[in-house]
Amino acid sequence: MVKAPPWDERVALYLVCGGIAGGSALLAFGAQLTGRDALRRNARLTALGTASVGALALVADLGRPERFLNMLRTIKPTSPMSLGSWILAGFSTGAGLAAVADLDRMTGEVLPLGPLRSVLRAFEAPAGALAALLGAPLAGYTAVLLSDTAMPTWNAAKDDLPFVFVSSASLASGGMAMITTPTAQAGPARALALAGVAGDLVAAQAMERRMDPVAAEPLHQGRPGWLMRWSERLAIVGGIGTVAAGVTARTAPRASRWVAAASGAALVTASAFTRFGVFYAGKDSAMDPRYTIEPQKRRLEARRRAGITHDSITTAG
Amino acid sequence: MQRLTAPDAAAVGDNPTADAHYEHPHARKGFFTDTSICIGCKACEVACKEWNRNPADSDYELSNSSFDNSEGLSADTWRHVAFIEQDRGRIEAARESGRALVSLGMPRIRPADVPTTAGEAITTAVTGGMTGPLSEVAGRPPAGLPPAPDLGELDVLSSLGGGPTRPEDAGAVDTTPPDTPEFRWLMSSDVCKHCTNAGCLDVCPTGALFRTEHGTVVVQDDVCNGCGTCVAGCPFGVIERRKDGIAQPKTERSAAPVTPTGPGKPEKARNVGVAQKCTLCYDRLVDDQTPACAQACPTTSIKYGEREDLVSGARERVARLHAEGRTEARLYGANPNDGVGGTGSVFLLLDEPEVYGLPPDPRVPTADLPRMYARAGLAMAGMAAASALAFVLGGRQ
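Sequences listed follow chains A and B, in order. Sequential numbering from 1 applies to the first sequence in our numbering. Sequential numbering from 1001 applies to the second sequence in our numbering.
Since the hints were made in silico from the structure, they are not lab data. Treat the numbers as computed from the prediction; the structure is a model and nothing was measured. Be aware that one or more of the hints could be misleading.
To give a feel for the contact side, a few chain A residues facing chain B, derived at Cβ under 10 angstroms [what the hints assert, rightly or not]:
1) Ala169
2) Thr248
3) Pro295
4) Arg304
Distance condition first, Cα-Cα at most 20 angstroms in a straight line; then the derived EDC-like pairs of lysine to aspartate or glutamate [to be verified]:
5) Lys1243/B <-> Asp311/A
6) Lys297/A <-> Asp1222/B
7) Lys1268/B <-> Asp1222/B
8) Lys297/A <-> Asp311/A
9) Lys76/A <-> Asp1368/B
Using N, Cα and C, we set each Cβ at its ideal position, and we do this for glycine too.
The shape of chain B in the complex, shown without the other chains (with noise of 0.2 angstroms):
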């Protein structure tokens, strides 16, 4: 028998692979993206095609939505990078809900004083590299503004050490991120979060979707027929039936599918028809691989690796950007106790999780399935009655 309800946090830990019965213990593996050190490069999303030979979106259209092509998650791409622009309204705003967030009673975290001087210093150094209309907007506020208060650090590169960081040093380069008081972009790698408690999982007929030894949500792709119902069931929209597709790279933009390696037809996609999403690349795990958008970040936003040790590093991460003044920071889905008992895929968000595309308060609808159960019981029952009530008031015949 399966369980009916989300067990809670303290029955199961944040776990999972407790609850699949394996017969041996296994540390439960995910990811944390952190955010805040993203360069949008993309690499993940080519890595994941490449190695789950994932076929194209579309026919290289662009979004017309900044750098953001791709759009979101999908059957055919299980790591998607999405760029949001935002002004300085937004990224007060944000800072201000991420502090609303510390004095809500969470973790305490002692808000740090950024000193002044060194964020004017910071924000010279930033403008001061820049040419063009952005330096003009950032270093002169507009007649009628308020002069930009000081915001403390922004320059996301300049915590790996890779920006400058004194004024005198900032002449000589000219990659310095666009990123100012009055803009920023947000750069995020979104991927299926592996839930605790997996809508999807928990909605398969076929039994098609299982818990893996590693606590995350896989799909037997050959025994899914294709129903849908795990489309709806998540709460994140991250899985979805693959439509037809040719897994091959096409070589210029509007240019029929060709084989590069040589002549015969095109390859076809794989598993068309059935559900599809991010696996963690099991595939890799079962030969202690890490995952393929993992490795192939170059930042190391992505981090692969046992769970409890993400979360316990994020944590440390949130602090850290917290004493910066950061305060925008905060954490997504490391909390047991949320709607779908905490994410095997954790995240640093820089706002709140809406402006990322994600919902800012999930629930597995599983978890109100008895519930819905004893209704529809009820009513059933009350139909059966009706029937039997029509009989005998129906009159004689």
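The following block holds chain A by itself, in its conformation from the complex (with noise of 0.2 angstroms):
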């Protein structure tokens, strides 16, 4: 009755790495701000990184690769797929030029730039204030292009999705920025991780209460709803490490690092089946003719009870 986008798992590893690229950025950025060296060259380096797999993914997953850029043909408002390519051009090209920066600084300034490395020192601020600027909508984009679709899953959590996401997307950068720098510098890694594990928890809940009881079954049910229960389990998981390498910090710092690095992974590895599991149930529930059929005549029928009866796509005559 509708079909499933022809998207495989390069979409969905790319809905894992927008987010973790956005948190990245917006962490670097801070990190630039308040002089924590580490954590934003190694944020940076996350951020270009995963940004270039997912952009990659994206341009592998489409029907004629060679006319991506096709995708930047037009700038198209109703369109999320358009405004999130050039969402994507935009951080890429920040989160690029800061972290080309930082990347030859790493190395030694053996680059042979010439006169562009002080052309790239000087872009090098702004270019990663404006990963920063597009690095929330990088992360939660996403949210809106799987909802702006007729699949019954991700239309019918088109209230709570955008939630889901961004939460999704701090603690996953929050992780990774754990796993890749000393406990030191990674303060305000742990705190964006938290506040992300509750922001996931919280809007996952409200998101399954709030859709249509037959459109969320598919995120309950085979591999998305395996994937959506151990994703709040590692998500649960990986906060209590993050407060354990947290307190421990100054402590036990070895110890601690281990910890961080533990919990860094659990919580990239929750962030990773959230939206594994979201994209699997969008898809599924397209295979199942009932999913499209009994809320739409739930719907239907609510507002015929209600008197409206204009709307209707079926008519007497």
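Using the hints, put the two chains back together into the complex; each one sits in its own frame.
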């Protein structure tokens, strides 16, 4: 009755990468402003790396990858895919410039940049700011991309999915920084991860509670059901580990570093599970026509009971 | 700037060509598919495939779903004839649900009384020409069941004047359709709806999908990059991305594809990897030709023309069927106030839309886009604020 988009795991991978990249750019910008050099560098490299992997995965998933530039042929507000392409392009430019500046510093200025080096340095800070500005949009627009479809589960989640996605992006980017960055500089990453865990648990619950019960079913069944359950467990475990790593950061720095890395890995996995779970659930909801028919019949009936009879697609004449 | 919300019907009327800003006003073209006179011959499917050089769907596999082996619309099948087999319970339910629509305050139609004697005569006529188990079922209900109530005329062909209408003629005719009070086939040729507010067109990021001067929605094959967003955006499951395929016919089941016209490689399907769907034969419309399916339809079940005329004709047809007691007849897509602003392809159905594989209350997802953007904006602001707060609360170095 409705058809699932021809997107495979590469698009789900992009959903994960976009979230990590967006949150990392925000962390990098904060570190840039507060002088946390290691966090800034690591978060910038993470942002560029994940954005690149995500963008390549997206292009590879196209039916005609050689035409990927057509994505920037027009700016179309009715198309989340169009706006998202522009967000990704702008983000990648900013995150790329900032990361290359740090990469150049890291490698002892071996790149033969010549006079371009001073240009790069001049644009480094504004580039970091641009990436940070587009960070949250990159992490969250994909929720609109999924909800602005006729896939019953994605569409029914439209009010709360953005909150699930930005929370998931926050905990994943915080977790990634906890893996890459020494505990002494990772305080803000831990704080962001904890905010993400709290937001994720609340938003995911609210989403499933407020959705049409039939349209929510695919989130509980089969593969997406397993992914969503384990995503919640891993987020809780990762959150507890994050607190432990923060508490022991001064007293037992070595142990704290290991706990932080393990918690970070749990959080990144939790985020990946959330996004793969939502992705599969939406595709599953297109397979069985009852997910389309039952919610639609119910809302049509409800309108008719309320005396609204002018807006049905079926008419007596 | 594109509009973000579905304009209300009063602003644009139900003609989206105004919205597409063509220099001259154009009439909106469309289809009216009257399923009550469809005989399921699939000439439309064949004509569409031929004209548009669409690839074969499969290796001639049988679906075991009545006579429906193409199963639905797809990138390669732009007309699809559904076959639905129904028993007496379903027929009565359909009649009842149609009656309920009338009593909802839809345009008032007087349900005419079909004289009982005439109804009985027709029932006899239908069953009289048949032999075998079906006539037994229809003519003599099994013991224990009440006799079949008079359901009026069910013979779809008689409205064309082709079926037996008098008992004495019936014996001479052996092509009686199998429709009886106990059984009917619903046959319906499905097609792209060419919505007033088209989900596929709204979400297309490249501008490959566009609104033509005829008010239809068409893919520009050379612009589409196959992102697939339109597939998810369509509330009717019409548009699809074309996989690989061979456009040439195969000569026998499980035979390798060959070129019947001569040596060389078989012709590769065009437009592999891009979104494909009915164009309402845009290339034929340019030359004032009728779309291939409508031209091929032998019973005029598929009518092509200006949408306004088609809809008024469709309303008359429903009124006539209702007057004959066939209250199961109803229109699908003729209402400019529905969730997609009305469709360019209007259907006359004989049961609930979901029976035909059509959504009962489709809504273009973009209608809710402003709200989705607002919610997402709030979430994004929250994420940025959380990041700022993380650096405030995240401790000193």
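Going down the list of hints, with the structure as the test:
no.	hint	in the structure
1	Ala169	holds (7 angstroms)
2	Thr248	violated (13 angstroms)
3	Pro295	holds (9 angstroms)
4	Arg304	holds (6 angstroms)
5	Lys1243/B <-> Asp311/A	violated (37 angstroms)
6	Lys297/A <-> Asp1222/B	violated (39 angstroms)
7	Lys1268/B <-> Asp1222/B	holds (16 angstroms)
8	Lys297/A <-> Asp311/A	holds (13 angstroms)
9	Lys76/A <-> Asp1368/B	holds (16 angstroms)
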